[in-house]
Amino acid sequence: MRVYTKPLSLSVTIAAMTNFVWTLRVYWEDTDAGGVVFYANYLKFFERARTEWLRALGIEQQSLADEAGGGFIVRSTAVDYNAPARLDDQLEIRTRIDRVGPASVQFTQEAWRAELMLASGAIRVGCVDRSTFRPAPIPDPVLATIKSAR
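At the far end of the sequence shown sits residue 161, using our numbering, and the numbering has no gaps.
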């Protein structure tokens, strides 16, 4: 695995990244026959929020793959569902870091509609070498940026 060398240009302040919020609208494609968001789609919402969080920190996942030969994969998830989201609801996906290790990051993510938390999850991602999909250390500049966002 090569060292990640792309300079990180932060478009937002690191302090604002401690509790990252990404907003989305619920579409027909997100709902099931019962008219509520299909449970697995919350994982998609969480994935998109983590990706946008990384992007806001100046970390592009495609660049990480191209330049460092690495990338993040989901290692484990646990989600609790409290209330349904429905078509046209505007949701906030709130993301925060719980733990950072040399090769993994543990997040807590929550889906909110106004003042109501709909779902919460513990998501652990790990860094892998893209050629072997074996665990690999998070490149130092990326790790430092993630740690500074705590």
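For the record, the hints were derived by calculation from the structure and aren't laboratory data.
Where hints are given, some of them may not hold.
Label-pair restraints from in silico Cβ distances [unchecked claim]:
(1) Glu126 x Asp151: 38 to 44 Å
(2) Tyr38 x Arg161: 28 to 34 Å
(3) Asn30 x Thr143: 30 to 36 Å
(4) Glu40 x Val111: 30 to 36 Å
(5) Arg161 x Tyr92: 38 to 44 Å
(6) Glu126 x Thr62: 24 to 30 Å
(7) Val111 x Arg59: 38 to 44 Å
(8) Arg97 x Asp151: 27 to 33 Å
(9) Glu40 x Pro148: 35 to 41 Å
(10) Gly46 x Ile84: 16 to 22 Å
By construction, the Cβ of each residue, glycine as well, lies at the ideal position given by its N, Cα and C atoms.
Cross-check of the supplied hints:
1. A beta carbon spacing of about 40 Å between Glu126 and Asp151 agrees with the range 38 to 44 Å that was offered as a hint.
2. The given range of 28 to 34 Å is respected by Tyr38 and Arg161, whose C-beta atoms sit roughly 33 Å from each other.
3. In this structure the supplied range 30 to 36 Å holds for Asn30 paired with Thr143, their Cβ-Cβ distance being about 34 Å.
4. Glu40 and Val111 have their C-beta atoms about 34 Å apart, which keeps the hinted 30 to 36 Å range intact.
5. Look at Arg161 against Tyr92: about 27 Å separates their beta carbons, and that is not inside 38 to 44 Å.
6. Checked against the hint of 24 to 30 Å, the pair Glu126 and Thr62 passes, with Cβ atoms roughly 26 Å apart.
7. As the Cβ distance of Val111 to Arg59 is approximately 21 Å, the hint placing it in 38 to 44 Å is violated.
8. As the Cβ distance of Arg97 to Asp151 is approximately 44 Å, the hint placing it in 27 to 33 Å is violated.
9. Glu40 and Pro148 have their C-beta atoms about 37 Å apart, which keeps the hinted 35 to 41 Å range intact.
10. Against the hinted window of 16 to 22 Å, the Cβ-Cβ separation of Gly46 and Ile84 comes to about 32 Å, which falls outside the hint.
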